[in-house]
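S.K.: Here is how the chains run, residue by residue.
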Amino acid sequence: MGEITTLHYLVVAAALFAIGTVGVLTRRNVVIVLMSIELILNAVNLNLVAFSRLYGLHGQVFSIFVITDAAAEAAVGLGILIAFFRNKETVNADEIDLLKF
Amino acid sequence: MEPVATPFFFYGLAGLAIVSALLVITLKNPVHSAISLIFTLLSLAGLYLMLYAPFVAGVQIILYVGGIMVLFLFVIMLVNVERAGREERYSRQWPAGLLASAVLGALFVFVYVKGSSIFPVRMLRLPETMPDTSNTQEIGLLLYRDYMLPFEIASLLLLVAIVGAVVMAKKRI
Chain A
0 MGEITTLHYL
10 VVAAALFAIG
20 TVGVLTRRNV
30 VIVLMSIELI
40 LNAVNLNLVA
50 FSRLYGLHGQ
60 VFSIFVITDA
70 AAEAAVGLGI
80 LIAFFRNKET
90 VNADEIDLLK
100 F
Chain B
0 MEPVATPFFF
10 YGLAGLAIVS
20 ALLVITLKNP
30 VHSAISLIFT
40 LLSLAGLYLM
50 LYAPFVAGVQ
60 IILYVGGIMV
70 LFLFVIMLVN
80 VERAGREERY
90 SRQWPAGLLA
100 SAVLGALFVF
110 VYVKGSSIFP
120 VRMLRLPETM
130 PDTSNTQEIG
140 LLLYRDYMLP
150 FEIASLLLLV
160 AIVGAVVMAK
170 KRI
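Those sequence lines, one after another, are chains A and B.
The opening position of the first sequence corresponds to residue 0 in numbering that gives the first Met the number 0, with each subsequent residue numbered one higher.
The opening position of the second sequence corresponds to residue 0 in numbering that gives the first Met the number 0, with each subsequent residue numbered one higher.
Pulled out of the complex, with its shape left as it was, chain A reads as follows (with noise of 0.2 Å):
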């Protein structure tokens, strides 16, 4: 099975990445949108640690700030879906379209 580099680490990141690119694009359901972007942090959160294996632990510090702000976003998310769910009784993402002309 050979030896795991930094690159199969870097692999495994760029596809939860992209998969969670297609989440955020394709899904309607706005708190699966929120979950793919939840996979997306966590891509290059893996990415800051499998680089700070070979550059030193700035990378994860830098990883636990990233996990912060996952936090904070998500909170801050999914408020506003609470507060949109109360007016309009949808979580699509096509449904919302009050600043629409």
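If you are wondering where the hints come from, they were derived from the structure by calculation, not from laboratory data.
Quantities reported herein were computed from a predicted structural model and do not represent experimental measurements.
Check the hints yourself; a few may be wrong.
According to the in silico footprint, chain B covers these stretches of chain A (three or more CB under 8 Å from chain B) [stated by the list, open to error]:
hint: 1; segment: 6-17
hint: 2; segment: 29-39
hint: 3; segment: 51-58
hint: 4; segment: 65-74
Straight line, CA to CA, 20 Å or less: simulated SDA-like cross-link-like pairs of lysine to any residue [as the list claims (entries may be wrong)]:
hint: 5; chain 1: B; residue 1: Lys27; chain 2: A; residue 2: Asn86
hint: 6; chain 1: A; residue 1: Lys99; chain 2: A; residue 2: Asn86
hint: 7; chain 1: B; residue 1: Lys169; chain 2: B; residue 2: Lys113
hint: 8; chain 1: B; residue 1: Lys27; chain 2: B; residue 2: Lys113
hint: 9; chain 1: B; residue 1: Lys27; chain 2: A; residue 2: Tyr54
hint: 10; chain 1: B; residue 1: Lys169; chain 2: A; residue 2: Glu88
hint: 11; chain 1: A; residue 1: Lys87; chain 2: B; residue 2: Lys169
hint: 12; chain 1: A; residue 1: Lys87; chain 2: B; residue 2: Leu77
hint: 13; chain 1: A; residue 1: Lys87; chain 2: B; residue 2: Val166
hint: 14; chain 1: B; residue 1: Lys27; chain 2: A; residue 2: Thr5
hint: 15; chain 1: B; residue 1: Lys27; chain 2: B; residue 2: Gly96
hint: 16; chain 1: B; residue 1: Lys27; chain 2: A; residue 2: Ala92
hint: 17; chain 1: B; residue 1: Lys169; chain 2: A; residue 2: Phe84
hint: 18; chain 1: A; residue 1: Lys87; chain 2: A; residue 2: Arg27
hint: 19; chain 1: A; residue 1: Lys99; chain 2: A; residue 2: Ile39
hint: 20; chain 1: B; residue 1: Lys170; chain 2: B; residue 2: Leu77
hint: 21; chain 1: B; residue 1: Lys113; chain 2: A; residue 2: Thr5
hint: 22; chain 1: B; residue 1: Lys170; chain 2: B; residue 2: Ala160
hint: 23; chain 1: A; residue 1: Lys87; chain 2: B; residue 2: Glu87
hint: 24; chain 1: B; residue 1: Lys169; chain 2: A; residue 2: Ala71
hint: 25; chain 1: B; residue 1: Lys27; chain 2: B; residue 2: Met68
hint: 26; chain 1: B; residue 1: Lys170; chain 2: B; residue 2: Val159
hint: 27; chain 1: A; residue 1: Lys99; chain 2: B; residue 2: Ser90
hint: 28; chain 1: B; residue 1: Lys27; chain 2: B; residue 2: Ile37
hint: 29; chain 1: B; residue 1: Lys27; chain 2: B; residue 2: Met76
hint: 30; chain 1: A; residue 1: Lys87; chain 2: B; residue 2: Met167
hint: 31; chain 1: A; residue 1: Lys87; chain 2: A; residue 2: Lys99
hint: 32; chain 1: B; residue 1: Lys170; chain 2: A; residue 2: Phe83
hint: 33; chain 1: A; residue 1: Lys99; chain 2: A; residue 2: Thr89
hint: 34; chain 1: A; residue 1: Lys87; chain 2: B; residue 2: Glu86
hint: 35; chain 1: B; residue 1: Lys113; chain 2: A; residue 2: Val10
Glycine residues also receive a C-beta, built at the ideal position from the N, C-alpha and C atoms.
Since chain A is already given, all that's left is putting chain B on it; use the hints.
M.R.: Below, chain B without anything else, positioned relative to chain A:
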């Protein structure tokens, strides 16, 4: 000391992460998507452990699986799930989205095939002796010494996020 069966665990965890990530974006029921996202996060925590980042792995499990995913499940319960099961899963512009993602994936493949010499592909060597300080101690020193200002800014960001979430989710302020 050499780690035992590293490729076995790596391919197992990576396969689990990617398969459950695919399930997140394809399953109909949002609750099932959330549960497969939990599996992705747990296998990523395992990968962090394999990269000798135990603190980040612990934070990943406690914060993501214990905090953020519970928040997601709560919101899924608050908005109605029954309607979501009967509706179309993908938006009308899904071919354009899939095309854009395919272009992005092709870019990744191109970069990793063409420019793999740019990335350090040398083996991940274990330290010969046990270091004096643990991983958590070193991260703490970095966080409170070198990254003091970003740390404080992150706390401010969390405060703003708390206030924003409460303001938006509250019916009448």
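S.K.: For every hint, state whether the structure bears it out.
M.R.: Hints and how they fare:
no., hint, in the structure
1, 6-17, "holds (count 11)"
2, 29-39, "holds (count 7)"
3, 51-58, "holds (count 5)"
4, 65-74, "holds (count 9)"
5, Lys27/B x Asn86/A, "24 Å, violated"
6, Lys99/A x Asn86/A, "16 Å, holds"
7, Lys169/B x Lys113/B, "52 Å, violated"
8, Lys27/B x Lys113/B, "38 Å, violated"
9, Lys27/B x Tyr54/A, "41 Å, violated"
10, Lys169/B x Glu88/A, "16 Å, holds"
11, Lys87/A x Lys169/B, "16 Å, holds"
12, Lys87/A x Leu77/B, "14 Å, holds"
13, Lys87/A x Val166/B, "18 Å, holds"
14, Lys27/B x Thr5/A, "35 Å, violated"
15, Lys27/B x Gly96/B, "18 Å, holds"
16, Lys27/B x Ala92/A, "15 Å, holds"
17, Lys169/B x Phe84/A, "12 Å, holds"
18, Lys87/A x Arg27/A, "15 Å, holds"
19, Lys99/A x Ile39/A, "28 Å, violated"
20, Lys170/B x Leu77/B, "14 Å, holds"
21, Lys113/B x Thr5/A, "16 Å, holds"
22, Lys170/B x Ala160/B, "17 Å, holds"
23, Lys87/A x Glu87/B, "18 Å, holds"
24, Lys169/B x Ala71/A, "17 Å, holds"
25, Lys27/B x Met68/B, "18 Å, holds"
26, Lys170/B x Val159/B, "19 Å, holds"
27, Lys99/A x Ser90/B, "17 Å, holds"
28, Lys27/B x Ile37/B, "16 Å, holds"
29, Lys27/B x Met76/B, "15 Å, holds"
30, Lys87/A x Met167/B, "15 Å, holds"
31, Lys87/A x Lys99/A, "15 Å, holds"
32, Lys170/B x Phe83/A, "11 Å, holds"
33, Lys99/A x Thr89/A, "17 Å, holds"
34, Lys87/A x Glu86/B, "16 Å, holds"
35, Lys113/B x Val10/A, "14 Å, holds"
The structure fails to meet hints 5, 7, 8, 9, 14, 19 from the earlier list, while all remaining hints are met.
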